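Asks: Letter by letter, the chains look like this.
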Amino acid sequence: MSNVHRDDFGSKLGMWLFILTELLLFGGLFITYAVYRYLHVDAFHLASQELDVPIGTINTIILLISSATIAMSITSIQQGRKKLTLWLIASTIILAVIFLVNKYFEWGAKFEHGLFPGSDYLDSLGYGDVLFFGLYFFMTGLHAFHIIIGIAVLGFMFYYVKIDRLKPDNFQLLENGALYWHLVDLIWIFLFPLFYLIA
Amino acid sequence: MDNTSQENYLEYRGRFKGLMGWLTSTDHKRIGLMYMYAIMFFFIIAAILGLLMRIEKIAPGQTIMDAQTYNGVFTIHGIIMIFIIVIPGLAAVFGNFFLPIMIGAKDVAFPKLNLLSWYIYVAGSILVVASLFAGGGPPDTGWTFYAPYSFKTGTNMLPAVLGAFVLGFSSILTGLNFIVTIHRLRAPGMSWMKMPVFPWTLYGTAWIQLLATPIVGITLLMVIGERVFNIGFFDPAKGGDPILYQHLFWIYSHPAVYIMILPAMGAISEIIPTFSRKTLFGYKAVVFSTLAIAFVGYFVWGHHMFTSGMSGTALFTFSILTFLVAIPSAIKVFNWVSTMHQGSISTDVPFLWAASFIFVFMIGGLTGLVLGALATNVHVHDTAFVVGHFHFIVFGGTGFAFFGALHYWFPKIYGRMYDRTWARTGWLIFFIGFIALYGPMFYLGMTGMPRRYFDYLPEYHGPNILSTFGALIMVTGFVIIVVNLFKSAKSGKKAEMNPWGGTNLEWQVPSPPPLENFDEIPTIDKATYKYE
Chain A
24 MSNVHRDDFG SKLGMWLFIL TELLLFGGLF ITYAVYRYLH VDAFHLASQE LDVPIGTINT
84 IILLISSATI AMSITSIQQG RKKLTLWLIA STIILAVIFL VNKYFEWGAK FEHGLFPGSD
144 YLDSLGYGDV LFFGLYFFMT GLHAFHIIIG IAVLGFMFYY VKIDRLKPDN FQLLENGALY
204 WHLVDLIWIF LFPLFYLIA
Chain B
2 MDNTSQENYL EYRGRFKGLM GWLTSTDHKR IGLMYMYAIM FFFIIAAILG LLMRIEKIAP
62 GQTIMDAQTY NGVFTIHGII MIFIIVIPGL AAVFGNFFLP IMIGAKDVAF PKLNLLSWYI
122 YVAGSILVVA SLFAGGGPPD TGWTFYAPYS FKTGTNMLPA VLGAFVLGFS SILTGLNFIV
182 TIHRLRAPGM SWMKMPVFPW TLYGTAWIQL LATPIVGITL LMVIGERVFN IGFFDPAKGG
242 DPILYQHLFW IYSHPAVYIM ILPAMGAISE IIPTFSRKTL FGYKAVVFST LAIAFVGYFV
302 WGHHMFTSGM SGTALFTFSI LTFLVAIPSA IKVFNWVSTM HQGSISTDVP FLWAASFIFV
362 FMIGGLTGLV LGALATNVHV HDTAFVVGHF HFIVFGGTGF AFFGALHYWF PKIYGRMYDR
422 TWARTGWLIF FIGFIALYGP MFYLGMTGMP RRYFDYLPEY HGPNILSTFG ALIMVTGFVI
482 IVVNLFKSAK SGKKAEMNPW GGTNLEWQVP SPPPLENFDE IPTIDKATYK YE
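Residue numbers (the working numbering), protein chains in the order written: chain A, 24 to 222; chain B, 2 to 533.
Don't read these hints as lab results, they were simulated from the structure.
You may find that some hints are simply not true.
[Said to hold, decoys possible] Cut-off 25 Å, straight-line C-alpha distance, at most; resulting in silico cross-link-like pairs (BS3-like, lysine-lysine): (1) A:Lys190 - B:Lys113; (2) A:Lys35 - B:Lys113; (3) A:Lys185 - B:Lys113; (4) B:Lys279 - B:Lys195; (5) B:Lys531 - B:Lys279; (6) B:Lys107 - A:Lys35; (7) B:Lys195 - B:Lys531; (8) B:Lys18 - B:Lys113; (9) B:Lys18 - B:Lys495.
Please read these numbers as outputs of a predicted model, since none were measured by experiment.
All chains, full assembly: derive it from the sequences and hints.
Replies: What follows is the structure, given as structure tokens:
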């Protein structure tokens, strides 16, 4: 294109619309959760006790802090503090990785106990447990996948700030990346109580 | 006529030339055409599959393929036709090409995303077609992937389901792009109520794409989860509910019908005023009925499941809503006919397609009410009647509008005019073939022939022969139309800027349009479709 067209508002609008589709994507799973929890109230209650509330809580705090750091990076890039911006994006990425490491150990423990979809042990427990752990792994798995995408997105943001493609007067892309990260955080805020805190 | 200093988009040479120049182009016009070539290619594959099905049914018993092959053929035919052809359909081809021009913009809001959508589309399409050939045999569930069979069958479900998921992603991104484009890039002075109907219908479609597609996306992911990880969401043996699958699937797939038909209605609303030399009758009614269809269309999915097991209240509600959604469609038909009334009609090729669109669309719509009514639905559920209705709406609606739009905008796209005599001949043969092909299905369904069977009882033989011959006639018409257009695109007579006397912006730029559409963004000061 010979003349570069720039429309920050349009770009933000596009990002919000994309976030809407992401919410609807998870919405399908929340409906499924609602239906099966309604059908198996007691089993969901008992199965939830198997989950590790401390790790879940720590991960919630990690994501909340990471949302704060990425939000701060937007303010700092506007103030022209490039080094601080880079640090803030980097710490968001590090927090995201810690979240995934926790998730890995948490999932690993479930697998050791034979609590994973398709295992004979889980199948022997009854419908409610099968569905609870099916939903648990599917929803937290899809969420973890979004975290990985988020890490990649933030990695690009880091690079763009570094090479000065994102500047104090042109930072819409960083704001969009941050919006995506907040979405990932927000979904976890719903997943955490629905799985961990219903016991 | 050429009052612009720019090269036209077909000749423009960017960083790369030839094929690479197209594959790396973010120009909305080139992307629109790339969609069209891809759609035409896959349409030919799916049409051949359709023809094979008809040949199989020319006589009772096994004719050219066995039952399992037939299951695979109708499944792939459905997946390609629905997800690869009619859902992107007019929006991806003519929407991409004409939306920016019609609202006075230089391109869509996110040109790079637009190109990415095309690549995602091609990737999804290749996955779907690959499921035909990879080991295990073609998928055999029908395009609806009904659970639990979709994760029990040993055939290639994974590539097909994954392909449909990927295609959905492409559809979402296109919708997102169009919404932002329409909100942000309308030319100065083009208020919402001065926007032509085709962009309006694209706007309605884009919202459906955005709000409904993620649901089918997650549903297909869940089916993949069932197959790969044995989760049990929809598996009755593990406490899952197959009916829940049907709900989630149709929450998207019914609105998807409106994704297909709304831009078709938009194209017809462009053609009819131009060839009647009259302002579109009831512009506001057409616009609001578009939004009404998009909105009410969300709440009618249950009518696909009248025999699946739902409460009486739910059945009743879905049936009422289905009747309601027919009203805005009927409003549109009245508006089109009223536009023609006392107009100075020229029965040129695009008008013939538009008029025949109204004819087949009405048959499709009215038979839809037969299916929307609870009592008659039970009688004709899963019979050939449904197949007839569906093809009248989707092929008769979207397909006829696609050809109408193609013949209408062809001189603008290629800057050349096609041979009108051959185009008329092709249309007539196609139209006759279409009616002969799908018309008998209503009778067959009413008398009880089920759909999706490779065989039938001897008493259904007569109408099936007629139907198969209809298919052969229609294919003849199709070949004439395509060959004529293909030759004309290369060596037709040069077309003028405004061969039909249209009033909208696309007729005020040279044919073919210059790279950036306009030298200077126009200012709009009058309502659309003004002929006085």
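Asks: Each hint: holds or not?
Replies: Hints, verified against the model:
In summary, the hint linking Lys190 (chain A) to Lys113 (chain B) is supported, as the alpha carbons are separated by about 21 Å, within the 25 Å threshold. Distance hint between Lys35 (chain A) and Lys113 (chain B) is fulfilled; the C-alpha atoms sit about 16 Å from each other, no more than 25 Å. A distance of roughly 23 Å separates the Cα atoms of Lys185 (chain A) and Lys113 (chain B); the hinted pair therefore holds under the 25 Å criterion. For a cut-off of 25 Å, the pair hint linking Lys279 (chain B) to Lys195 (chain B) stands: about 16 Å separates their Cα positions.
Straight-line distance between C-alpha atoms of Lys531 (chain B) and Lys279 (chain B) comes to about 7 Å, which keeps the hinted pair within the 25 Å bound. Under the criterion of a C-alpha separation no larger than 25 Å, the hint pairing Lys107 (chain B) with Lys35 (chain A) is consistent with the structure, at around 20 Å. For the given pair, Lys195 (chain B) sits about 11 Å from Lys531 (chain B) by alpha-carbon distance, which is consistent with the 25 Å threshold. As the CA atoms of Lys18 (chain B) and Lys113 (chain B) are separated by approximately 18 Å, the hinted pair is consistent with the 25 Å bound.
Using a Cα cut-off of 25 Å, the hinted pair Lys18 (chain B) and Lys495 (chain B) holds, with the two alpha carbons roughly 24 Å apart.
Consistency note: the structure conflicts with none of the earlier hints.
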